[in-house]
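Student: Order-wise, the sequence lines are chains A and B. FYI, my numbering numbers position 214 of the first sequence as 214, with every residue one higher than the one before it. To convert, count from 1 in the second sequence and add 1000; that's my numbering.
Source of the hints: derived by calculation from the structure; they are not laboratory data. Note that the structure is predicted; figures quoted are calculated from it, not measured. Just to be clear, a hint being listed does not mean it is correct.
To be verified - Not close to chain B: a few residues of chain A, all C-beta gaps over 12 Å, as computed:
hint : residue
1    : Gly41
2    : Val74
3    : Glu96
4    : Glu104
5    : Glu187
6    : Arg193
Stated by the list, open to error - DSS-like cross-link-like pairs, simulated, lysine-lysine; straight-line CA separation at most 25 Å:
hint : chain 1 : residue 1 : chain 2 : residue 2
7    : A       : Lys303    : B       : Lys1251
8    : A       : Lys263    : B       : Lys1162
9    : B       : Lys1251   : A       : Lys263
Using N, Cα and C, we set each Cβ at its ideal position, and we do this for glycine too.
Protein chains: 2
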Amino acid sequence: MANEQTSRKVAIIGTGVIGNGWITRFLANGFDVVAFDPADGAETRARQSIDHAWESVEQLGLHEDASRDRLTFVSSLEEAVLDADLIQENVPERTELKQNVLAEIDQFAKPTAIIGSSTSGIKPTELQEKMKYPERFVVAHPFNPVYLLPLVEIVGGEETTKEFEQQAYAFYESASMKPMIIENEIEGFVADRLMEALWREALHLVNDGIATTEEVDKAITYGAGLRWAQMGPFMTFHLAGGQEGMRHMLKQFGPALKLPWTKLEAPELTEELQERVIAGCETHAGDRSVAELERQRNEFLVKLIDLVEDYWP
Amino acid sequence: MANEQTSRKVAIIGTGVIGNGWITRFLANGFDVVAFDPADGAETRARQSIDHAWESVEQLGLHEDASRDRLTFVSSLEEAVLDADLIQENVPERTELKQNVLAEIDQFAKPTAIIGSSTSGIKPTELQEKMKYPERFVVAHPFNPVYLLPLVEIVGGEETTKEFEQQAYAFYESASMKPMIIENEIEGFVADRLMEALWREALHLVNDGIATTEEVDKAITYGAGLRWAQMGPFMTFHLAGGQEGMRHMLKQFGPALKLPWTKLEAPELTEELQERVIAGCETHAGDRSVAELERQRNEFLVKLIDLVEDYWP
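Isolated chain A (complex conformation) (with noise of 0.2 Å):
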């Protein structure tokens, strides 16, 4: 996990669940951190919280510069954000809320340092609307527990310079994340949108009383969650199609997408749209014959069998 970088101070503004596990994936990764949140005890909970996930990022690999001594709390906004190049968000999903914590932060915050916010779900066109310096904000959205889960969704808004959004994708790799671009803003990003679909599904199941809901969980676990893990939807169709791929594969299941097996209607699946799947799939899997991509998934599907019959619940 070593990295060259200049930048190494990080400032984390609320210091709930979201809040400690960004304290810890930094600390994780070398960086200074200094933390504000205004709740009586907040500092302790956070230490507690951080110890508890040290035992993981230890596993995982600490970067050569990773203490948790690095770790400052401050009494002021202001303090925290003095001489930081990253400031990272976590207060309440209200909107009103932060805005107002993003205007305090901008307000002192040095001009070159990066504002990210870990909503998952308000437009960052919206959160930088009082902002003096809006082009160097983020929405950078996480996922639970973030100091393991290496995603983060990063979206500008409208007032966001493409090198900043740039700045900050080389930030959040730097703390060893896979960080994904949305050019377009939209009501829950890309991951929860895809997160929720199944989760409103679900919902679906056992208010019609068709399964419960270890039901649901089993029928993720045991089945299409070990592929998941390695491909998502479109790659793993990409290798049911079988030699032709993508291309075989919407010949021979397009059709169900008229059939009622879910709540959800689908798109119609034009000519276009075809096109755009395969032609993307076909990219993603570049040089790698759809029988080069089985034995990879194969091998992955083996060891992670392996592993995983001693954690199912």
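Here the structure of chain A is known, so what remains is to put chain B in place on it, guided by the hints.
Tutor: Below, chain B without anything else, positioned relative to chain A:
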């Protein structure tokens, strides 16, 4: 993988990708397998496909009686099913074709044999219509690759008896599977409905120009996909709720169900639905506190991230 059992003879009717997956699974679990497929070259393709998959099942661990020599191809359906304890039908996904093949299987199979269909969507009541002994018929829907993924959805039709459903459960379990009995017949059963919701939302995202196929895949594999190999959506959210589990989680994130975070409308979060979901999670969690489950999850995630880094596309 050693199992106590007396019935060890299986017939596989139709040897495409799914049929060959079943053959491999049953051979690897020490069964005798008789296969029938009228297509030219079916046996050659099947044996190639089994050879191809054999390395994987070997790595996973073979039954002591496992041998590829236990596979026999025969030239008529009658001969294939005559002596089998379980007959698995895997012909193309057309209702009438399946009904006719199942009626023929029914005619020649011994009356105590279980008859399973691999259909991914046709309801069992429809499929058993032309059978004389429909009580022993179940849908037994597997997941690709069948020789690795353990999930099989068992769905009986109106004429199926509970006794045969239970026998089918035990039989598939003796082939190292995780069977799940689905009480209600619905289109797409349970697992495909969940997968289709994710798949349809993914198509919407690509269709609306929000994300590429590669980005959708990344949004899964680097985030929620890592959790789904161990836990389904309900247990995942039970953990996200902290000490209070799902009860707290629904209070905190329930309102997000009203947001346009996917194209899929959520069910109304009634008191009754909430209680059903909370009770389901609490029962499933059993004695294990959220903290204990969290510890297990972290231990698993650390090992999985170590593993998956070599395999991410």
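Student: Hint by hint, note whether the structure agrees.
Tutor: Do the hints match the structure? See the list:
no., hint, result
1, Gly41, "holds (15 Å)"
2, Val74, "holds (26 Å)"
3, Glu96, "holds (16 Å)"
4, Glu104, "holds (25 Å)"
5, Glu187, "violated (5 Å)"
6, Arg193, "violated (5 Å)"
7, A/Lys303 with B/Lys1251, "violated (38 Å)"
8, A/Lys263 with B/Lys1162, "violated (29 Å)"
9, B/Lys1251 with A/Lys263, "holds (24 Å)"
Hints 5, 6, 7, 8 from the earlier list are contradicted by this structure; the remaining hints agree with it.
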